[in-house]
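Colleague: Those protein sequence lines, which keep their order, are chains A and B.
Numbering-wise, the first sequence is residues 1 to 187 according to the working numbering.
Numbering-wise, the second sequence is residues 1 to 279 according to the working numbering.
Just so you know, these hints were derived from the structure itself, not from any lab.
Heads up, a few of these hints could be off.
Computed list of lysine-lysine pairs in DSBU-like fashion (alpha-carbon distance at most 30 Å, straight line) [to be verified]:
#	chain 1	residue 1	chain 2	residue 2
1	B	Lys-255	B	Lys-231
2	A	Lys-150	B	Lys-254
3	A	Lys-157	B	Lys-53
4	A	Lys-157	B	Lys-254
5	B	Lys-95	A	Lys-176
6	A	Lys-150	B	Lys-266
7	A	Lys-176	B	Lys-53
8	A	Lys-150	B	Lys-231
9	B	Lys-53	A	Lys-110
10	B	Lys-266	A	Lys-157
11	A	Lys-176	B	Lys-100
12	B	Lys-2	B	Lys-231
13	A	Lys-157	B	Lys-252
Which stretches of chain B does chain A cover? Using the computed rule of at least three CB atoms under 8 Å from a CB of chain A, they are [stated by the list, open to error]:
#	segment
14	19 to 28
15	177 to 189
We put the beta carbon where it would ideally sit given N, CA and C, even for glycine.
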Amino acid sequence: MSDPAISPAQGSSRLLMDLHGAGLDVSACYQCGRCSAGCPVAAYLDLLPMQVVRLLAYGQEDQLLASHTIWLCASCQTCTTRCPNEIDIAGVMDFLRQRVQAQGTKPAEKRVAAFHRSFLRSVRRWGRTFEVGMLGAYKFRTGDLFSDLKLGWAMMKRGKLRLLPRGIRGRRQVRKMFTKGGRGKPT
Amino acid sequence: MKLSYYPGCSLTGSAREYDQSIRELAALLDIELVELADWNCCGASSAHMTDHKLATELSVRNLELAQDEGRDLLVPCAACFHSLRAASLSLQTAKTYTPKFEILHLTTLLSRPEWLQKISARVLRPLSGLRLACYYGCLSLRPPAVTAAADYENPRGLDLLVESLGAAALPWSHKTECCSGSLTMARPDIAISLVGDIVQAARRAGAQALVTDCPMCQANVESRQPAGAEKEPALPVFFATELLCLALGDQKKKKSFREHLIDPTKVMAALDSENAGSH
Ligand code: SF4
Ligand code: SF4
Chain A
1 MSDPAISPAQ GSSRLLMDLH GAGLDVSACY QCGRCSAGCP VAAYLDLLPM QVVRLLAYGQ
61 EDQLLASHTI WLCASCQTCT TRCPNEIDIA GVMDFLRQRV QAQGTKPAEK RVAAFHRSFL
121 RSVRRWGRTF EVGMLGAYKF RTGDLFSDLK LGWAMMKRGK LRLLPRGIRG RRQVRKMFTK
181 GGRGKPT
Chain B
1 MKLSYYPGCS LTGSAREYDQ SIRELAALLD IELVELADWN CCGASSAHMT DHKLATELSV
61 RNLELAQDEG RDLLVPCAAC FHSLRAASLS LQTAKTYTPK FEILHLTTLL SRPEWLQKIS
121 ARVLRPLSGL RLACYYGCLS LRPPAVTAAA DYENPRGLDL LVESLGAAAL PWSHKTECCS
181 GSLTMARPDI AISLVGDIVQ AARRAGAQAL VTDCPMCQAN VESRQPAGAE KEPALPVFFA
241 TELLCLALGD QKKKKSFREH LIDPTKVMAA LDSENAGSH
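With the rest of the complex left out, here is chain A (with noise of 0.2 Å):
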């Protein structure tokens, strides 16, 4: 774990301000720390939830925005459901995720932003999401071609992933949802 500076002299104004704007407030946070406590991935983590709040709370851009827990954060909502003074730390993690991506900047960790990329490009596809489709499309674009090969064929045995893609009606309405400068369009 790193030990991020408490107080640093400088801050970004305008990540407070973005923050106030996505509806979340942090500065009621006293360091209690339930929120870690009860972290499921916290021995993973380069900064813990209650620092990731308390460096928000400074306007900590970089060190946020280049941190692996934003990605690792499983959003269990155990944190946003525990903390006593209602803040909403699954949703702050949100909130930081898409600031990496709306910067265009590398996700700390990369695989996890290609499964949701190729996650969602499947939804803006077919309307639904096709298994074999996105998984197809994840480990391209990772490279990581050959593990849970044995899990896939032991899925196929048992008729869980559908071969053939399955569009709905209506997807051209769900891919116009894409376009209006969302996440999912193509990159």
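Take the given structure of chain A and dock chain B with the ligands to it, following the hints.
Modeller: This is chain B with the ligands only, laid out in the frame that chain A set:
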């Protein structure tokens, strides 16, 4: 009772046995399910985590389809349930929408007293002797502001359901711990470790199997389960609806559970010999 039904993508693929058992159970309980015509993906964690606006829009189309039908909407997948409720709430807060229907979570519906009564009265094959760890996961419970779940830290719905079938619902420590399903493809190492903890906790409590109502949890806990020590068989994860069908359904039909990645034949055989002994 007649409900609109939103299966969601998982239930058309990797969790198809969930869909099948829901339809079978609905028929057994005289619930008519009308699948929402031309529903689209709710965007699940990927949209929610990386594009809120898109997540809302994807759900809004489904909400509109359901609004036209006007019937309460059954949403068995925890991620879909969460997405649809979150979108509905944000529209209601913005005062742009007044829903004419409820978004229902399967376990919450069936664990209401009147349904529990109906279910226990219709049990043909009690599951007595079966020791289960009820596993709830995350998104049907948290945050309660979205899900309206009552006992989100120590939920009882699945416990009540399996108890009404005669099975034992064990107290255990990991009922609502996250299995990191949303990371399972990209970071299987994390998923294996979290799933390992969950399964170990269920074993410690004396469970023969887990039971859930979340399709991502079911797939993740079966597929990422690390091999236990020698005398520790892998624990299968049942959908609650599979067990309900087993207890309430046509007893002449043999259930194969062939869709499961972890074969529950041994657990079923133990159940059979237990019940044969008690006759
Ligand atoms: S639970 Fe809330 S108040 Fe406590 S440290 Fe976390 S964000 Fe701050
Ligand atoms: S939502 Fe993310 S940060 Fe919060 S407890 Fe879950 S995994 Fe940890």
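Colleague: Hint by hint, say whether it matches the structure.
Modeller: Each hint tested on the structure:
1. Under the criterion of a C-alpha separation no larger than 30 Å, the hint pairing B/Lys-255 with B/Lys-231 is consistent with the structure, at around 26 Å.
2. For the hint pairing A/Lys-150 with B/Lys-254, the CA-to-CA distance comes to about 28 Å; that is within 30 Å, so the pair holds.
3. For a cut-off of 30 Å, the pair hint linking A/Lys-157 to B/Lys-53 is broken: about 37 Å separates their Cα positions.
4. Between A/Lys-157 and B/Lys-254 the CA atoms are separated by roughly 20 Å; this keeps the pair inside 30 Å, and the hint holds.
5. Of the supplied pair hints, the one linking B/Lys-95 and A/Lys-176 holds, its CA atoms being roughly 24 Å apart against a limit of 30 Å.
6. Under the criterion of a C-alpha separation no larger than 30 Å, the hint pairing A/Lys-150 with B/Lys-266 is consistent with the structure, at around 23 Å.
7. At most 30 Å may separate the alpha-carbon atoms for a hinted pair to count; A/Lys-176 and B/Lys-53 meet this at roughly 13 Å.
8. For the hint linking A/Lys-150 to B/Lys-231, the alpha-carbon distance of about 24 Å falls within 30 Å, and the restraint holds.
9. Of the supplied pair hints, the one linking B/Lys-53 and A/Lys-110 holds, its CA atoms being roughly 22 Å apart against a limit of 30 Å.
10. A distance of roughly 21 Å separates the Cα atoms of B/Lys-266 and A/Lys-157; the hinted pair therefore holds under the 30 Å criterion.
11. Simply put, A/Lys-176 and B/Lys-100 have alpha-carbon atoms about 26 Å apart, close enough for the 30 Å limit, and the pair holds.
12. For the suggested pair B/Lys-2 and B/Lys-231, the alpha carbons sit about 47 Å apart, so the restraint of at most 30 Å is broken.
13. In summary, the hint linking A/Lys-157 to B/Lys-252 is supported, as the alpha carbons are separated by about 26 Å, within the 30 Å threshold.
14. Interface restraint, the segment 19 to 28 of chain B with chain A: violated (0 residues with C-beta to C-beta distance below 8 Å; minimum three).
15. Given a C-beta distance limit of less than 8 Å, the hint that chain A covers the segment 177 to 189 of chain B holds, as 10 residues qualify and 3 suffice.
Checked against the numbered hints above, the structure violates hints 3, 12, 14; every other hint is satisfied.
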